[in-house]
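Residue numbers (my numbering), protein chains in the order written: chain A, 1 to 291; chain B, 1001 to 1226.
It is possible that part of the hints are untrue.
To be verified - Lysine to aspartate or glutamate pairs mimicking DMTMM-like chemistry, simulated, CA-CA at most 20 Å apart:
1) A:K112 with B:E1097
2) B:K1178 with A:E275
3) A:K108 with B:E1150
4) B:K1177 with A:E99
5) B:K1196 with A:D36
6) B:K1226 with A:E174
7) A:K3 with A:E105
8) A:K24 with B:E1180
9) B:K1206 with A:D53
10) A:K25 with B:D1101
11) A:K135 with A:E174
12) A:K102 with B:E1212
13) A:K270 with B:E1180
14) B:K1213 with A:D53
15) A:K25 with B:E1212
16) A:K54 with B:E1150
17) B:K1196 with A:E174
18) B:K1178 with A:D271
19) B:K1120 with B:E1097
20) B:K1140 with B:D1115
21) A:K54 with B:E1212
22) A:K173 with A:D185
23) A:K54 with A:E98
24) A:K142 with A:E33
25) B:K1206 with A:E99
26) B:K1177 with A:D271
27) B:K1196 with A:E70
28) A:K278 with B:E1181
29) B:K1196 with A:E275
30) A:K24 with B:E1195
31) B:K1206 with A:E105
32) B:K1226 with B:E1212
33) A:K270 with B:E1181
34) A:K112 with B:D1194
35) A:K115 with A:E105
36) B:K1226 with B:E1053
37) B:K1221 with B:E1148
Just so you know, the hints here were simulated from the structure itself, not pulled from any lab data.
Note that this is a predicted model, so its numbers are computed, not measured.
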Amino acid sequence: MEKYASFLGCQIPMRLPSIEIASKKVFDKIGLEAVDLGGYSCCPEPVISRLLDKTAWLATSARNLVLAEENGLNLMTLCNGCYETLAETSEVLRHEPEELRKTNEVLKRYGKQYKGKTNVKHAVEVLYEDVGVNKIKTHVVKPQKLRVALHYGCHMYREQPGVDIMRKPNMMKELTRLTGAQVVDYGLERLCCGYPSMQADEEFSLKQRLMLKLSRMQEAGAEAVVLSCPACTIQFEMGQVMLRQQGIQFNLPSINLMELMALSFGVPSKDLHLEFHKSPVLQLVQKMEAV
Amino acid sequence: MSKQQTRTVERLKRELGSDFIEAAQPRQRRLFIRIMPAALRKTVTMLKQEYPELRLMTISTVDHGLDLEFLHHFHANSNGLIVTLRSIKPKEDNTLESIVDLIPAAYFIEREIADLFGVKLVNYPKPEPLILTKDWPNDKRPLRQAMEGELPPQARPSAETLISTSCVAPISTFIQKKREEAGLPRTPPFAFTDEKAMQEFQGIMKNTGFAEKAGYDWEKKRLRYK
């Protein structure tokens, strides 16, 4: 049985616990042991805190990695932003001795030391590489007959130099197809959803990012958008609410890959508590169950 | 550093204790001494004893947004040594302790600072405006900036929540209840659920200077600006 330290981040447990529930159901079914990381903090988020103070950003992130190291486990994240922070910290500390020294100097006060023994993976990688497509296939008992568009999320493209940036997005695409969903291409897959730019320019974020994506998804005939990042999910859901307030009508269900997988594994929708969503995910799933 | 400068710095360290922060000599005849604001008058008194020819050149003030930095520049001796005392006060304090009784030459510059930055002079003999009219509004001082830190407005709630709770999304009672109904623990195993973990996390926020840069008030558990 594969065993990982599970890094839930902030947004999933606080705003979208249905993703937490779905992931537990999926991991249980496929025999992946996800150990909760006790005493963890925000990864911390990769935009504001990194710009404000790099040492604090690295030390806070390294503390989370050390918690996994202390358990002798590799780390798995369900959030793209957490993946970016934790994977990048891991890279920086493995290759930049001065940053490692500064980070460990901070951690030393609390009896901690980053040793670089923990690898960081996104749940998509864990499912695809460690569990494997063939094993996952055997658990799909209720294929989801849906046309879906994929939004991978910017941090999903982060790779080591020389590695194809589509490595993880391709994994996500294949995992989505395993659920029985039909993936439709809409040509703007790589465009950011606008979540980070909401901090600076709401109009730009909604009209020049989210709305462009939603329009193309709609034109491509998508019945839902599948995501792997909670921040992007919040942007797709709250962004549609905000656009509607401006008279721009979109109502596309925004479902997380873990939720879609759980449904395809036969988990009843009521067990997933999809009511946490602000887009009509629950209605879409109930409609499909009725069919 | 000359023998005299070394002796002065050593005396200040000894007599000011924790009110002495640091001394730096960027050039041969330039000495910067950073002190806690409460030690300003004591330090000026000691400088007068160390350098009998001590003369106040000027006092400059820098508005850093959340704090005001006062730089008292002194011409110390005939060798051209300039000693600058640096003290930083939070704007919430909004006072400058007068040194007029120790150095009469501070008479005009302190009033000018009071006028331009809107700070209150403490122990100043006759605190009247110097260059502004008496009815000049308190909230419109020519060189005073808004009480703001480095974070843009949209980033402030997240930063405040991060430092206070160890996560960027606050957990409401509603969500806790809903989590419980869904069969999850009321809260995930965040640092804020464990005293030791929280001390570690907030220790990092303090010791790296992150909280200070963000402008976090540890007593009030919130940012010093909205």
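Each hint tested on the structure:
1. A C-alpha spacing of about 44 Å is found between K112 of chain A and E1097 of chain B, which places the hinted pair above 20 Å, so the restraint is violated.
2. Our distance criterion of 20 Å between C-alpha atoms is met by K1178 of chain B and E275 of chain A, whose separation comes to about 10 Å.
3. For the given pair, K108 of chain A sits about 28 Å from E1150 of chain B by alpha-carbon distance, which is inconsistent with the 20 Å threshold.
4. As the CA atoms of K1177 of chain B and E99 of chain A are separated by approximately 41 Å, the hinted pair breaks the 20 Å bound.
5. Only pairs whose Cα atoms come within 20 Å are accepted, and K1196 of chain B paired with D36 of chain A is accepted, the gap being roughly 17 Å.
6. A hinted pair counts as satisfied when its Cα atoms are at most 20 Å apart, and K1226 of chain B with E174 of chain A does not qualify at roughly 46 Å.
7. Between K3 of chain A and E105 of chain A, the direct Cα distance comes to roughly 30 Å. Violation of the 20 Å bound is thereby established for this hinted pair.
8. As the CA atoms of K24 of chain A and E1180 of chain B are separated by approximately 15 Å, the hinted pair is consistent with the 20 Å bound.
9. A threshold of 20 Å between alpha carbons decides the hint, and for K1206 of chain B with D53 of chain A the separation of about 12 Å falls inside it, so the pair holds.
10. Of the supplied pair hints, the one linking K25 of chain A and D1101 of chain B is violated, its CA atoms being roughly 76 Å apart against a limit of 20 Å.
11. Restraint check: the Cα-Cα separation between K135 of chain A and E174 of chain A comes to about 13 Å, which is no more than 20 Å; the hinted pair holds.
12. Between the alpha carbons of K102 of chain A and E1212 of chain B the distance comes to roughly 18 Å, so the proposed pair stays at or under 20 Å and holds.
13. As the CA atoms of K270 of chain A and E1180 of chain B are separated by approximately 15 Å, the hinted pair is consistent with the 20 Å bound.
14. For the hint pairing K1213 of chain B with D53 of chain A, the CA-to-CA distance comes to about 8 Å; that is within 20 Å, so the pair holds.
15. Pair hint K25 of chain A plus E1212 of chain B does not hold up; C-alpha atoms about 42 Å apart against a cutoff of 20 Å.
16. A hinted pair counts as satisfied when its Cα atoms are at most 20 Å apart, and K54 of chain A with E1150 of chain B qualifies at roughly 15 Å.
17. For the hint linking K1196 of chain B to E174 of chain A, the alpha-carbon distance of about 42 Å lies beyond 20 Å, and the restraint is violated.
18. Distance check on the hinted pair: K1178 of chain B and D271 of chain A sit about 13 Å apart at the alpha-carbon level, within 20 Å; holds.
19. For a cut-off of 20 Å, the pair hint linking K1120 of chain B to E1097 of chain B stands: about 8 Å separates their Cα positions.
20. Distance check on the hinted pair: K1140 of chain B and D1115 of chain B sit about 10 Å apart at the alpha-carbon level, within 20 Å; holds.
21. Straight-line distance between C-alpha atoms of K54 of chain A and E1212 of chain B comes to about 14 Å, which keeps the hinted pair within the 20 Å bound.
22. Restraint check for K173 of chain A and D185 of chain A: satisfied, since their Cα atoms lie roughly 11 Å apart, inside the 20 Å limit.
23. For the suggested pair K54 of chain A and E98 of chain A, the alpha carbons sit about 13 Å apart, so the restraint of at most 20 Å is met.
24. Between K142 of chain A and E33 of chain A the alpha-carbon distance is near 23 Å, which puts this suggested pair outside the 20 Å criterion.
25. Proposed proximity of K1206 of chain B and E99 of chain A is supported: the alpha carbons are some 18 Å apart, at most 20 Å.
26. Pair hint K1177 of chain B plus D271 of chain A holds up; C-alpha atoms about 16 Å apart against a cutoff of 20 Å.
27. About 16 Å separates the Cα atoms of K1196 of chain B and E70 of chain A, which keeps this hinted pair within 20 Å; it holds.
28. At most 20 Å may separate the alpha-carbon atoms for a hinted pair to count; K278 of chain A and E1181 of chain B meet this at roughly 18 Å.
29. For the hint linking K1196 of chain B to E275 of chain A, the alpha-carbon distance of about 35 Å lies beyond 20 Å, and the restraint is violated.
30. As the CA atoms of K24 of chain A and E1195 of chain B are separated by approximately 27 Å, the hinted pair breaks the 20 Å bound.
31. Among the hinted pairs, K1206 of chain B with E105 of chain A is consistent with the structure: their alpha-carbon atoms are about 14 Å apart, no more than 20 Å.
32. With a C-alpha separation of about 15 Å, the suggested pairing of K1226 of chain B with E1212 of chain B holds against the 20 Å cut-off.
33. Distance hint between K270 of chain A and E1181 of chain B is fulfilled; the C-alpha atoms sit about 12 Å from each other, no more than 20 Å.
34. With a C-alpha separation of about 17 Å, the suggested pairing of K112 of chain A with D1194 of chain B holds against the 20 Å cut-off.
35. Distance restraint check for K115 of chain A and E105 of chain A: the Cα-Cα separation of roughly 13 Å lies within the 20 Å cut-off, and the hinted pair is therefore satisfied.
36. Using a Cα cut-off of 20 Å, the hinted pair K1226 of chain B and E1053 of chain B is violated, with the two alpha carbons roughly 47 Å apart.
37. Straight-line distance between C-alpha atoms of K1221 of chain B and E1148 of chain B comes to about 17 Å, which keeps the hinted pair within the 20 Å bound.
The earlier numbered hints that this structure contradicts are 1, 3, 4, 6, 7, 10, 15, 17, 24, 29, 30, 36.
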